[in-house]
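Asker: Protein chains in written order, with the working numbering: chain A, 1 to 210; chain B, 211 to 473.
Treat the hints with care, as some may be off.
[Stated by the list, open to error] Once the Cα atoms are required to be at most 27 Å apart in a straight line, the calculated BS3-like pairs of lysine-lysine come out as: (1) A:143 to B:346; (2) A:156 to A:58; (3) B:429 to A:156; (4) A:58 to B:343; (5) A:53 to A:66; (6) A:143 to A:99; (7) A:53 to B:346; (8) B:346 to A:58; (9) B:279 to A:143; (10) B:279 to A:99; (11) A:99 to A:122; (12) B:343 to A:122; (13) A:53 to A:143; (14) B:279 to B:429; (15) A:66 to A:156.
Hints were generated in silico from the structure; no laboratory data involved.
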Amino acid sequence: MIKTLSGCSLLVAAFCTAFLSFSVPAAATVQIVSPTEFVQHLGDTALMSLTSKHLSRKTREERVRKILEDNFDVTAIGRFAIGPYWRTATDAQRADYMKLFEDLIVETYTNRFEAYSGQTLKVSGARASGRDDYIVESRVIQKDAAPIGLEWRVRKEDGHLRIVDVIVAGVSMSFTQRADFMSVIQNEGGLNGLIASLQKRHEESQRNGG
Amino acid sequence: MSKNAFRVISTALLLSLALSVGGCAKAQKPPVTATYLSQQVADPLEPMNRAIFGFNDVVDQALIEPLAKGYVALLPQFMRDAVRNFMRNLQAPVDVANDLLQGRFNNAGVATARFVINSTVGIAGLVDVAAKKDLKYKDEDFGQTLASWGVGNGFYLVLPIIGPSTLRDATGTFADAYADPVRMWSYNTHRYWVYYTREAIQGLDTRSRLLKPVDDMRKNSLDYYAAARSAYIQHRNAVIRTNAPAATAPASAPEQGLGSDHP
Numbered sequence: 001m002i003k004t005l006s007g008c009s010l011l012v013a014a015f016c017t018a019f020l021s022f023s024v025p026a027a028a029t030v031q032i033v034s035p036t037e038f039v040q041h042l043g044d045t046a047l048m049s050l051t052s053k054h055l056s057r058k059t060r061e062e063r064v065r066k067i068l069e070d071n072f073d074v075t076a077i078g079r080f081a082i083g084p085y086w087r088t089a090t091d092a093q094r095a096d097y098m099k100l101f102e103d104l105i106v107e108t109y110t111n112r113f114e115a116y117s118g119q120t121l122k123v124s125g126a127r128a129s130g131r132d133d134y135i136v137e138s139r140v141i142q143k144d145a146a147p148i149g150l151e152w153r154v155r156k157e158d159g160h161l162r163i164v165d166v167i168v169a170g171v172s173m174s175f176t177q178r179a180d181f182m183s184v185i186q187n188e189g190g191l192n193g194l195i196a197s198l199q200k201r202h203e204e205s206q207r208n209g210g
Numbered sequence: 211m212s213k214n215a216f217r218v219i220s221t222a223l224l225l226s227l228a229l230s231v232g233g234c235a236k237a238q239k240p241p242v243t244a245t246y247l248s249q250q251v252a253d254p255l256e257p258m259n260r261a262i263f264g265f266n267d268v269v270d271q272a273l274i275e276p277l278a279k280g281y282v283a284l285l286p287q288f289m290r291d292a293v294r295n296f297m298r299n300l301q302a303p304v305d306v307a308n309d310l311l312q313g314r315f316n317n318a319g320v321a322t323a324r325f326v327i328n329s330t331v332g333i334a335g336l337v338d339v340a341a342k343k344d345l346k347y348k349d350e351d352f353g354q355t356l357a358s359w360g361v362g363n364g365f366y367l368v369l370p371i372i373g374p375s376t377l378r379d380a381t382g383t384f385a386d387a388y389a390d391p392v393r394m395w396s397y398n399t400h401r402y403w404v405y406y407t408r409e410a411i412q413g414l415d416t417r418s419r420l421l422k423p424v425d426d427m428r429k430n431s432l433d434y435y436a437a438a439r440s441a442y443i444q445h446r447n448a449v450i451r452t453n454a455p456a457a458t459a460p461a462s463a464p465e466q467g468l469g470s471d472h473p
């Protein structure tokens, strides 16, 4: 009877580990590289610069933010997460939401990197998807657990490669986040309700982590 | 649960599923690269599902998660792998049956060979020797078989203790349990404890492999229920896409990665 659950669970299992291999700092100045090189470099740099146990919370957060801004299309990910509500949002709502969205991502990944150590990322290949996207396939090798397959949706924009999604065991972070946010929008009084929830989450994180 | 109760529940589920096939559960093959819309599921029972999900979460945090943490702390990785291999081997007849029902005879052959090799050379299934001979394990269940026949999710269901499911997958869960040789034997010989012990260990093994992801999702989502529902559906769709795609669909659908399907 537990069988179905176990299937479903593997998927979720990959979740947290998915995030551990996150980003590449300072790649902005690097010449155009292949999507596989881009992700490998990102993984190596992120794991090296973010998992050290000696980092202060503040330093780790600053590094995560830098890596995120250099290597991820945060605006595209943030817009996608609220779907049709982006179009009808006012300029003020957009600004508030985007700032809080980036804070949420930075805080989430800072927490993850605080908890991880000893992993390495191995990129195995890439395939084209759509007009501008590549899916880069990789594995996270862990010390005391089975390796986890990780896929990266990488997009070429203005000569730069940027990550727009991370997929673990068929579960897209962007899709999951959108389902999460849409539910909050529908149940908590629209986009302002979501912004209020994000604000509350941000304040809690500042109190606990900072 | 008595044998009769099983029969009643599985029959009821099969019946309701059969009724829904004509209506909401029309076959919908997810594209190779899924789109956001293709990963949605109807949730007409959301208030009830949320209540059960909340109950499961309380039981999990109070009992199951601590047990799973203890299990991981107590047993090293290779012993936990042996437990998983043993559990998978016990399930092999169910895997074979589902492969046959899907008409995937090659997979059925692989699963049968795995069962024979691992039960003998692999010391009653404790060592997955077959995987080293390129006979890789493939998780099969009746929910996937139904999907390969073109049955859709129906709607989302959260089962007590078992967790996220759908009308189709819950039917599959009950059908697999019904056809499970371990359950049949333990019920026929009135050694019910064998079946329930097996289920408990299997649940513990599964939960122990999900410690980090579940904790992560619980902490980092705003609406844990909505995030878990989305993740469950996406994962099941991916498993079905690789293991049991509907026979009528083209072998490889064109990628759909354009426009607003992705960020």
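Asker: Taking 27 Å as the top limit, are the C-alpha atoms of residue 99 of chain A and residue 122 of chain A close enough?
Answerer: violated (32 Å)
Asker: Holds or violated: are the alpha carbons of residue 279 of chain B and residue 143 of chain A at most 27 Å from each other?
Answerer: Roughly 17 Å between the alpha carbons, so the hint for residue 279 of chain B and residue 143 of chain A holds.
Asker: Checking one constraint from the list: CA of residue 53 of chain A to CA of residue 143 of chain A, max 27 Å. Satisfied?
Answerer: holds (17 Å)
Asker: Regarding the pair residue 429 of chain B and residue 156 of chain A, is the alpha-carbon distance no greater than 27 Å?
Answerer: violated (32 Å)
Asker: Quick one, are residue 66 of chain A and residue 156 of chain A close enough, alpha carbons at most 27 Å?
Answerer: holds (19 Å)
Asker: Check whether the Cα positions of residue 156 of chain A and residue 58 of chain A lie no farther apart than 27 Å.
Answerer: This hinted pair is violated, its Cα atoms lying about 31 Å apart.
Asker: Are the Cα atoms of residue 53 of chain A and residue 346 of chain B separated by 27 Å or less?
Answerer: The given pair, whose Cα atoms are some 38 Å apart, is violated under the 27 Å limit.
Asker: Would the hint linking residue 58 of chain A and residue 343 of chain B be met if the CA-CA limit is 27 Å?
Answerer: Given pair residue 58 of chain A, residue 343 of chain B is violated - Cα atoms ~50 Å apart, limit 27 Å.
Asker: For the pair we were handed, residue 143 of chain A and residue 346 of chain B, check the Cα-Cα distance against 27 Å.
Answerer: holds (22 Å)
Asker: What's the verdict on residue 343 of chain B and residue 122 of chain A, does the C-alpha distance respect the 27 Å limit or exceed it?
Answerer: holds (24 Å)
Asker: Is residue 279 of chain B within 27 Å of residue 99 of chain A, Cα to Cα?
Answerer: violated (36 Å)
Asker: Below or equal to 27 Å on CA atoms is what counts here, so check residue 143 of chain A against residue 99 of chain A.
Answerer: violated (36 Å)
Violated hints, listed in ascending order, are 2, 3, 4, 6, 7, 8, 10, 11; each of the other numbered hints is respected by the structure.
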